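All residue numbers for the sequence shown refer to this note's numbering, where the first residue is 322 and numbers rise by one.
If you're looking for bench data, these hints aren't it; they were derived computationally from the structure. It should be emphasised that the depicted structure is a prediction, and the values quoted were computed from it without experimental measurement. Don't take each hint at face value.
Derived BS3-like pairs (lysine-lysine); straight-line CA-CA distance at most 27 Å [what the hints assert, rightly or not]:
#, residue 1, residue 2
1, 664, 842
2, 662, 830
3, 815, 482
4, 465, 380
5, 662, 842
6, 443, 380
7, 664, 830
8, 830, 808
9, 409, 374
10, 374, 408
11, 348, 374
12, 443, 465
13, 815, 408
14, 815, 409
15, 443, 374
16, 662, 808
17, 408, 380
18, 409, 380
19, 830, 815
20, 348, 443
Label pairs and their calculated CB-CB ranges [to be verified]:
#, residue 1, residue 2, range
21, 446, 507, 27 to 35 Å
22, 393, 423, 18 to 26 Å
23, 554, 344, 43 to 51 Å
Just so it is clear, CB atoms sit at the ideal spot from N, CA and C, and this is done for glycine as well.
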Amino acid sequence: MDQRITEPDHFSPVSLYGEFTLTGNRKVRYAVSLTERDLIVQRLTSTPVGRNKVVLSLKDCVGCRAYRGDDNADPAAYLAVYLYPLKKRWWMSSGVSRQRVEHCFRLAALQDPRANLEEAEKWARAVRERSARQQNRDEVSMNKLSRPCRMMLLVNPQSGKGQALTLYNNHIQRMLSEAGIQHTLVITERQNHARELVREADLSQWDALVIMSGDGLLFEVINGLLERPDWEEAIQIPLGILPGGSGNALAASIHHYSGAPQVSSEELLVSCGFLMCKGLVSPMDLVCIHLSSCPRVFSFLSLAWGFVADVDIESEKYRHVGSARFTVCTLVRLASLRVYKGKLAYLPATDLPKHEEGLRNKKTLHCNNQPPTSVPGRPSTVSPRVNTFHNSCHSNNSLKVRKVESTPSRSTNISLTGPSDSLLPPLDQLLPSDWVVVQEEDFVLVLAMYQSHLGEDMMAAPGSTLDEGVIHLFYVRAGISRAALLKMFLAMEKGTHLANNCQHLVHAKVRAFRLEPYTPKGIITVDGEVVEYGPVQAEVHRGLARIITG
Numbered sequence: 322m323d324q325r326i327t328e329p330d331h332f333s334p335v336s337l338y339g340e341f342t343l344t345g346n347r348k349v350r351y352a353v354s355l356t357e358r359d360l361i362v363q364r365l366t367s368t369p370v371g372r373n374k375v376v377l378s379l380k381d382c383v384g385c386r387a388y389r390g391d392d393n394a395d396p397a398a399y400l401a402v403y404l405y406p407l408k409k410r411w412w413m414s415s416g417v418s419r420q421r422v423e424h425c426f427r428l429a430a431l432q433d434p435r436a437n438l439e440e441a442e443k444w445a446r447a448v449r450e451r452s453a454r455q456q457n458r459d460e461v462s463m464n465k466l467s468r469p470c471r472m473m474l475l476v477n478p479q480s481g482k483g484q485a486l487t488l489y490n491n492h493i494q495r496m497l498s499e500a501g502i503q504h505t506l507v508i509t510e511r512q513n514h515a516r517e518l519v520r521e522a523d524l525s526q527w528d529a530l531v532i533m534s535g536d537g538l539l540f541e542v543i544n545g546l547l548e549r550p551d552w553e554e555a556i557q558i559p560l561g562i563l564p565g566g567s568g569n570a571l572a573a574s575i576h577h578y579s580g581a582p583q584v585s586s587e588e589l590l591v592s593c594g595f596l597m598c599k600g601l602v603s604p605m606d607l608v609c610i611h612l613s614s615c616p617r618v619f620s621f622l623s624l625a626w627g628f629v630a631d632v633d634i635e636s637e638k639y640r641h642v643g644s645a646r647f648t649v650c651t652l653v654r655l656a657s658l659r660v661y662k663g664k665l666a667y668l669p670a671t672d673l674p675k676h677e678e679g680l681r682n683k684k685t686l687h688c689n690n691q692p693p694t695s696v697p698g699r700p701s702t703v704s705p706r707v708n709t710f711h712n713s714c715h716s717n718n719s720l721k722v723r724k725v726e727s728t729p730s731r732s733t734n735i736s737l738t739g740p741s742d743s744l745l746p747p748l749d750q751l752l753p754s755d756w757v758v759v760q761e762e763d764f765v766l767v768l769a770m771y772q773s774h775l776g777e778d779m780m781a782a783p784g785s786t787l788d789e790g791v792i793h794l795f796y797v798r799a800g801i802s803r804a805a806l807l808k809m810f811l812a813m814e815k816g817t818h819l820a821n822n823c824q825h826l827v828h829a830k831v832r833a834f835r836l837e838p839y840t841p842k843g844i845i846t847v848d849g850e851v852v853e854y855g856p857v858q859a860e861v862h863r864g865l866a867r868i869i870t871g
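Build the full structure now, drawing on both the sequences and the hints.
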């Protein structure tokens, strides 16, 4: 047995008591007590009590089941309890991580096999019910997944190092079985496969859609849901994320929001799997992003231009090394630091401005493809017959773009599904007077974040939460030294970069922003995916989606 000893809750009365043996040692008997919060296992010997007592917290329990053994001549029934407590790592390393622990008890008090099984099933039900009630004070108001739960689990086998299916087989399949969660595995086969699937699927068959990949596959799913005629209902289906890619930013953010110590790689996967099995559901902000050509796209993580976007995409050549590709490409890009010219403006996160009153309560958006007005002394950001690059965002984070030739811009009304945007004027119109226009026009990077993490080990927006209705807008002005920029990114690993008082780094909490690049060529990414390069603006929609947070 696991010898982790924890103090029980002395104010929680015992609701069930029984004596069992272990499956591997039938000679030693154990007294097992179930309270509202703990499962207490006491070895029945003459030695002092404290040395033989193990207290298992039901907060760490994902499931419990009763079953008969393979030997029909054996009347015993068995009770298996599955837990994922925080424990010290096995190897020579500091810190803790969630690790699987299974306790299996043998019940043979009666000669009747059916009676033994009924008793074991009574225990299993009681353990599951009490485990489901274990909530922190701030979790009481959260929704929970229905039980029994039916999940569609979408896996991108090419994400990250190409090991997502192996990780599913080694960890997730077993965890879902232990938690009693039914799931259907869907392996994506091509770009936008998941987007097309959820756009047409009968969602009444599922209680949740879970993605095991990098962040790109969730981008497909969210936009597929919002392209449905019934988008208002569809976007309410709980979403789950399991890290299977290189960046895994949302998975790292959800792990961070749970209050657990920082982990990475398979430890992060186990932690997110545990949270998914617990089944708490929270609202999550989405950000609507307007590009020069319709349609809009919806984002759950970030928009980047400049240094961060270049590193994200240029690191594709190092995909075989996993998340280390970002570190490698960061050093390469630091050696040839670029400056990006453009115009940035934003609406501070204050009370609702008056100008939005007339734009509310619209169920469709009418996009206008006319180009933005040219800035005096600057070339227009969109001109007739200009060659631009744009792509459909996809789950492999690979840069696959197609060259298209723009036609002269005309006023074209296109009706789109999804929520209306009340803060954004059309891209070709001037901004309202309550927006702030950044005076600088030379940037090293512009980064809009609405989750805490930009990668497994990069806490770019430490103050961010899932549904605060705020975009954390960062920009770094030109003139920063390579050493200072490297120091800033190193500090992001712990989320301390804002405390370094870097004079070139600016952070603003905003509700909307507009970016107009002047640099003729460049990369803009949304949730790590390349989108059309050119003027872009965005607005946050508070709590539009729902995400499983445990």
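> Straight-line Cα separation of residue 664 and residue 842 no greater than 27 Å?
Replying inline: Holds, at about 15 Å.
> Hey, residue 662 versus residue 830, does the alpha-carbon distance stay inside 27 Å?
Replying inline: holds, 22 Å
>> Next pair to validate is residue 830 with residue 815; report whether the Cα-Cα distance is within 27 Å.
In response: This hinted pair holds, its Cα atoms lying about 20 Å apart.
> If you draw a straight line from the CA of residue 815 to the CA of residue 408, is it 27 Å or shorter?
Replying inline: OK: residue 815 and residue 408 at ~22 Å, within 27 Å.
>> Checking one constraint from the list: CA of residue 662 to CA of residue 842, max 27 Å. Satisfied?
In response: With Cα atoms ~11 Å apart, residue 662 and residue 842 stay inside 27 Å; holds.
>> So if I understand the rule, the pair passes when the alpha-carbon distance is 27 Å or less; does residue 409 with residue 374 pass?
In response: holds, 19 Å
>> Next pair to validate is residue 815 with residue 482; report whether the Cα-Cα distance is within 27 Å.
In response: This hinted pair holds, its Cα atoms lying about 25 Å apart.
> Is it true that the CA of residue 443 sits at most 27 Å from the CA of residue 465?
Replying inline: holds, 23 Å
> Does residue 408 pair with residue 380 here, judged by a C-alpha cut-off of 27 Å?
Replying inline: holds, 14 Å
> Holds or violated: residue 662 with residue 808, Cα cutoff 27 Å?
Replying inline: holds, 23 Å
> If you draw a straight line from the CA of residue 409 to the CA of residue 380, is it 27 Å or shorter?
Replying inline: holds, 18 Å
> CA of residue 443 to CA of residue 380, is that 27 Å or under?
Replying inline: Given pair residue 443, residue 380 holds - Cα atoms ~19 Å apart, limit 27 Å.
Comparing the model with each earlier hint shows no violations; every hint is respected.
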